[in-house]
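Those protein sequences? They're chains A and B, same order as listed.
Everything in the first sequence is counted per UniProt numbering, starting at 1 for the first residue and increasing by one.
Everything in the second sequence is counted per UniProt numbering, starting at 1 for the first residue and increasing by one.
Read the hints as simulated data drawn from the structure, not as lab findings.
Keep in mind it's a predicted model, so treat the numbers as computed, not measured.
Every residue, glycine too, gets a C-beta built ideally from N, C-alpha and C.
One or more of the hints may lead you astray.
Pair ranges (Cβ atoms, derived) [to be verified]:
#1 Asp79/B / Lys337/A: 34 to 40 Å
#2 Leu18/B / Thr22/A: 40 to 46 Å
#3 Pro54/A / Leu135/B: 41 to 47 Å
#4 Asp14/A / Ala73/B: 32 to 38 Å
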Amino acid sequence: MQFGIFSVGDVTPDPTTGRTPTERERIKAMVAIALKAEEVGLDVFATGEHHNPPFVPSSPTTMLGYIAARTERLILSTSTTLITTNDPVKIAEDFAMLQHLADGRVDLMMGRGNTGPVYPWFGQDIRQGINLAIENYALLHRLWREDVVNWEGKFRTPLQGFTATPRPLDGVPPFVWHGSIRSPEIAEQAAYYGDGFFHNNIFWPADHTKRMIELYRARYAHYGHGTPEQAIVGLGGQVFMRKNSQDAVREFRPYFDVAPVYGHGPSLEEFTEQTPLTVGSPQQVIDKTLSFREYAGDYQRQLFLMDHAGLPLKTVLEQLDLLGEEVVPVLRKEFAKDRPADVPDAPTHSSLLATAKRAEKEGARA
Amino acid sequence: MRLVVVSAGLSVPSSTRLLGDRLAAAAAAAAAAAAAPAATAPEPAPADVRVIELRDLAVEIAHTFTNGFPAPALADAFDAVSGADGLIVVTPVFSASYSGLFKSFFDALGVTDPDALTGKPVLIAATGGTARHSLVLDHALRPLFSYLKAVVVPTGVYAASEDWGAEGLDGRIERAAGELAALMAGSPTVRPAPRRDSFEEVVPFEQRLAALRPGG
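Based on the sequences and whatever the hints tell you, model everything.
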C-alpha cells in the first residue's frame with residue numbers, strides 16, 4: 001500500500017501571526033514538503049492544479065520535474081490535473097516528458113475542477129464539465145497508446161496524423177487515477193478504463209465516500225478488469241497530530257476555525273465527528289485511518305492533506321516527521337494484515353512494464 | 001400517507017407553527033374523509049404528520065453552505081421532505097418576502113437533492129403582522145415552489161394577526177387543505193416521481209462516449 005501527501009497549494013495567512021507567505025515562499029515550501037515526504041519514507045507527493053489566487057500551483061509538471069531531480073524514490077502525482085480545461089494533447093506531452101525525466105516515478109489524477117470561472121478563462125463551458133472530462137480523457141488515452149492519432153471530437157480542433165512526443169517511457173503510459181467527490185459518472189469512467197478511483201474523503205461524510213467506491217468497484221468488475229475487491233482505490237485524509245491529543249487540538253483549532261473551505265462553519269469537534277478529519281495523537285490517527293478500510297475495503301493509496309490553512313512550514317515538517325516515524329510504519333503493518341493475496345498494489349511504472357512485457361510474450365506465443 | 005410541515009416560525013409558541021398545525025390537521029382530516037367514502041369501509045390509516053421546525057436546524061442549515069453536506073439532523077429532515085407525499089410550508093413574512101431561514105432550508109435541500117420537490121403537492125402559507133403582506137404568497141412563495149417544480153395548490157393561506165380573531169381563516173384553511181389532500185390522493189401525473197438515485201442508474205460509459213462522437 002502507498003502512503004503520501006497531497007497539497008492544495010493555497011497561500012493562506014497564518015491566523016496565529018497574521019503573516020501571509022509570499023508566492024515564492026509557498027512554492028519553495030511545497031518543494032521542501034515533497035523532499036521531506038521522501039526523507040520520512042512516504043511514497044507519493046501530489047500537487048493540486050489551480051488557476052486563481054490564492055493558489056500557486058498552476059504548472060504541476062514544472063514543479064514535479066524540479067522535485068524529480070531532487071528525489072530518488074518518491075512517486076510524483078497530481079491532485080488533480082484538470083482534464084476539463086487543459087488541452088489533452090498538452091497533458092499527454094507534459095506528463096510523458098516528466099515520466100522520462102523522473103524515470104517512471106509519475107502518475108496523475110484527473111479532476112474536473114470546481115472553480116466556475118476557470119472554464120471560460122480557458123475557453124470552455126462549465127455545463128459541459130462531465131462531457132469535457134469524458135472526451136478529453138478518451139483522447140489522452142489514445143495519444144499515449146497510439147503512435148499516430150487521427151481524431152475528431154466536439155470540444156477540440158481535430159487531429160490528423162498527430163504523434164504526441166515524447167512517447168511514454170518504455171511504451172507504458174503513466175497510471176491514471178480519476179478523482180471525484182460526488183459524481184458517479186466519474187467512478188463509472190474510472191471503472192470503464194480499469195484506472196484508479198480516488199475519493200478525497202475530506203469534506204464529505206464516510207457513507208457518501210462508501211457509495212462512490214462501491215459503485216466504482218462494482219463497475220470495475222462489470223468491465224472485466226478483475227473482481228470488485230481488485231479495483232484500485234485511493235483515499236484522502238486530513239490529520240493534525242501532536243504526541244498529546246489535547247496539544248494537537250489546542251494548536252490546530254485557530255487554523256481550523258478560519259480555514260478556507262470549511263472555516264467559520266461547524267466546530268472542530270463536530271467536523272471531526274462527521275468527516276474523516278482527525279486531530280489528536282498519532283495513535284488516534286492510526287485508529288481513524290485503519291477504520292477507512294471498513295467502508296472502502298482493502299485499498300491501494302492513502303494521501304494526507306498536511307500543508308494548508310496557513311500552517312507554517314516548520315509545523316508541517318514536524319507533522320511529516322510524526323507521520324513517517326510513528327503513523328505510516330504501523331499503518332503499513334496493520335493494513336497488510338488479513339489483506340487477501342489477490343488484492344493488487346497500486347500500479348507503478350515497473351509493475352505496468354512487467355505486465356506489458358508478459359502480455360507481449362504471451363502474444364508472441366499465441 | 002406522509003405529510004410533512006416545514007415551519008419557519010422563530011418564537012415559541014409561534015403563530016407560524018400554529019398555522020402549520022391547523023393546516024396539517026385539516027389536510028389529514030380531508031385525506032381520511034376522502035379515503036373512507038362508505039360507512040362500512042375499514043378505518044383508513046391516519047396520515048403520518050411530521051413537523052420540521054427550521055429554528056432547531058438553523059445552525060445545521062448554515063453549516064451546509066460552509067461544508068457542502070448536511071449534518072445528521074438536517075439530513076434526516078431532508079429525507080422526510082423528499083419522501084413526503086405532500087408538503088405544507090409556512091413562513092413568517094420578513095422584509096416583504098419569506099424569511100431567509102426558510103429560503104436557506106430549500107437552497108440547502110436543492111444542493112443535496114435537486115429533485116426533492118419535483119411533482120410534489122405543496123401547500124404554501126405565511127403569517128404576518130398585518131394583512132398588507134398577503135400577496136407574499138403569490139409574489140414570493142408561489143414562484144419559488146414553481147421553480148422547484150412542485151405542484152402548488154391553488155389556495156394559499158395567509159394569516160395576519162387580526163385573522164386569528166376574525167371569520168374566514170377557517171374556511172381558507174379547509175379549502176387549501178382539501179385541495180392538498182386531493183392532490184396527495186390524486187392522479188399519478190401529479191404524484192411525486194420515485195426519487196431517482198444516480199448511484200443505481202448509471203449511464204453505461206459507452207453510451208456517454210457515443211453521445212460525444214461527431215454526429216452523435
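Out of the numbered hints, which ones does the structure contradict?
2
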